[in-house]
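Residue-level listing of the chains:
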Amino acid sequence: MNVILDYDVGNLDSIENAFKQLGISFITSKDPNIIKECHSLILPGVGAFEKSMKALEETKLIPVIKEHISKGKYLLGICIGMQLLYEKSDENGEFEGLGIFKGTVNYLDVKLKIPHMGWNQLKFKKRNHPILKYIKEDDYVYFVHSYYVQSNHDELLAYTNYEKIIPAIVSQGNVYATQFHPEKSGTVGLNILKAYGEMIK
Amino acid sequence: MLAKRIIPCLDVRNGRVVKGKKFKDIRDVNAPVTLGKHYSESGADELVFYDITASSDEKKISLEFVSDVAKNINIPFCVGGGVHSIEDFKTILRKGADKISINTSAVKNPKLIKEASIKFGSQCVVLSIDAKRNEKGSWSVYIKGGREKTTLDAIKWAIEGVKLGAGEIVVNSIDHDGMKKGYDIELLKKITQSVNVPVIASGGAGTIDHFYQAVNEANIDGILAASVFHFGEIRILDLKKELKYRGISIRL
Chain A
1 MNVILDYDVG
11 NLDSIENAFK
21 QLGISFITSK
31 DPNIIKECHS
41 LILPGVGAFE
51 KSMKALEETK
61 LIPVIKEHIS
71 KGKYLLGICI
81 GMQLLYEKSD
91 ENGEFEGLGI
101 FKGTVNYLDV
111 KLKIPHMGWN
121 QLKFKKRNHP
131 ILKYIKEDDY
141 VYFVHSYYVQ
151 SNHDELLAYT
161 NYEKIIPAIV
171 SQGNVYATQF
181 HPEKSGTVGL
191 NILKAYGEMI
201 K
Chain B
202 MLAKRIIPCL
212 DVRNGRVVKG
222 KKFKDIRDVN
232 APVTLGKHYS
242 ESGADELVFY
252 DITASSDEKK
262 ISLEFVSDVA
272 KNINIPFCVG
282 GGVHSIEDFK
292 TILRKGADKI
302 SINTSAVKNP
312 KLIKEASIKF
322 GSQCVVLSID
332 AKRNEKGSWS
342 VYIKGGREKT
352 TLDAIKWAIE
362 GVKLGAGEIV
372 VNSIDHDGMK
382 KGYDIELLKK
392 ITQSVNVPVI
402 ASGGAGTIDH
412 FYQAVNEANI
422 DGILAASVFH
432 FGEIRILDLK
442 KELKYRGISI
452 RL
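Line by line, the protein sequences are chains A and B.
For the first sequence, the working numbering gives the first residue as 1, with consecutive numbering after it.
For the second sequence, the working numbering gives the first residue as 202, with consecutive numbering after it.
Don't read these hints as lab results, they were simulated from the structure.
Just so it is clear, the structure is predicted and the values come from calculations on it, not from any experiment.
Ideal Cβ placement from N, Cα and C applies to all residues, glycine included.
Any given hint could be a false lead.
[Said to hold, decoys possible] Partial pick of chain B residues on the chain A-facing surface, computed with a CB cut under 8 angstroms:
#, residue
1, R206
2, I262
3, F321
4, G346
5, G347
6, E349
7, N417
8, N420
[Stated by the list, open to error] The following label-pair restraints were derived from C-beta to C-beta distances:
#, chain 1, residue 1, chain 2, residue 2, range
9, A, K125, B, E242, 30 to 36 angstroms
10, B, S257, A, T28, 28 to 34 angstroms
11, A, N92, B, V219, 52 to 58 angstroms
12, B, S286, A, T28, 43 to 49 angstroms
13, A, K111, B, D410, 40 to 46 angstroms
14, A, L112, B, S286, 31 to 37 angstroms
15, B, K382, A, L112, 28 to 34 angstroms
16, A, K54, B, E242, 36 to 42 angstroms
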């Protein structure tokens, strides 16, 4: 079972729509019993880190999510959902994340315009990874963010350049995450979700 | 590199696109979702829907199109027109819009920019500015669809808007709108030099050259146009290919 985690952080129509278009089955839920049973969990997120983390805490699902990951089940974090997987963020204060990945989320301190908003190109750090199966280097995806991940890049599969190296697709074990919005990234985004869908089959 | 965005703008009244009639090859061209999908598949990087429904009761029904679009289109889209309050923001964002553009309401109540950006993030607060050259040689801000002149200076208002939290500025030149003689490069230049958020040019496109000038000379981040796309005078794909050929960073 593939579950989109509904923890009241915005509209999930686009993600649901993307899965529907691809014929990947899913249910949208925050019921711990359902989440304990699922083998793939989609962790969305919009807005600020703190707000998303608080909303997640309120669902009391954090131990369930951590157990899900430790059992080697699949997870896909999207945008803030990716950032939440790291140790902490300095967005409007200092807030702890889930600490699945080593690294921090920091303000994107660049001379270019902030937010980093729009279509930017993917550069591959690792090739031949199954999640990259249907896309190619320099494909465009849609980013909207002002904070970015800083890590030792061990988990990095693909990045984009925006004065700095912005981690775009990361993975460790069966945990995947994207800084951009695959559900808003046209055909390229759908192709990433398609590859994910094949992995969780 | 971040791609320059090509953004078709659709006017919606009572849940239907106004002026969509020229598309002979698609059925029900007046459904926002149908036309939006057509543009998305033609290479649009983003869509803007501007709801011009007059009465607030009818508007509630009209805005149902937002959910339809969110459920069927995989590119970002912005909704504008008659957004007055945080409550309006919430309603439209819940339906799945990525951004909200405000114009008259922001002039009348600048706090709205600040509150909305704190609550929902700067990335979804777009400040749309209608500007017209005045006798002093600068640009005045107009509201209510260009009908009412204000005492605000367009460039100062853009700076102030960004300070309050706007994450993007749309600059619509009243003098150039509908003239098809090109964008107001001078105004756009002044604004891109004054703010550090994306600036979208609107009003005046007639040829591919006009798009090129706006990007090349005024360094804008996105270009919004309506009639040249709706009436099939410029095909988005042709436009993008040509801009890319001329060295502009474009998503193809």
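C-beta pair S286(B), T28(A): status relative to the range 43 to 49 angstroms that was hinted: Given a distance of about 28 angstroms, which is not inside 43 to 49 angstroms, the answer is violated.
Just to be careful: measuring from the Cβ of E349(B) to every Cβ in chain A, is the smallest value less than 8 angstroms? violated, 30 angstroms
For the hint on G347(B), just tell me whether its beta-carbon gets within less than 8 angstroms of chain A. Since the shortest Cβ distance to chain A is 27 angstroms, the answer is violated.
Using the Cβ atoms, figure out if K54(A) sits within 36 to 42 angstroms of E242(B). The hint (36 to 42 angstroms, Cβ to Cβ) holds, given that K54(A) and E242(B) are roughly 39 angstroms apart.
Classify the hint on N420(B) as holds or violated, based on whether any CB of chain A lies nearer than 8 angstroms to its CB. violated, 10 angstroms
Quick one: are L112(A) and S286(B) within 31 to 37 angstroms, going by C-beta? holds, 33 angstroms
Under 8 angstroms is the threshold here; is the Cβ of F321(B) close enough to any Cβ of chain A for the hint to stand? holds, 7 angstroms
Taking the closest Cβ pair, is G346(B) under 8 angstroms from chain A? violated, 27 angstroms
Given a hinted range of 52 to 58 angstroms, is it respected by the beta-carbon distance of N92(A) and V219(B)? violated, 41 angstroms
40 to 46 angstroms was suggested as the range; check whether the CB atoms of K111(A) and D410(B) agree with it. Violated: the Cβ-Cβ distance is about 30 angstroms, outside 40 to 46 angstroms.
Grab the minimum C-beta distance from N417(B) to chain A and call the hint holds if it beats 8 angstroms, violated otherwise. violated, 17 angstroms
Pairwise beta carbon distance, K382(B) to L112(A), judged against the given window 28 to 34 angstroms: holds, 31 angstroms
Consistency with the previously given hints fails for numbers 2, 4, 5, 6, 7, 8, 11, 12 and 13, ordered from lowest to highest.
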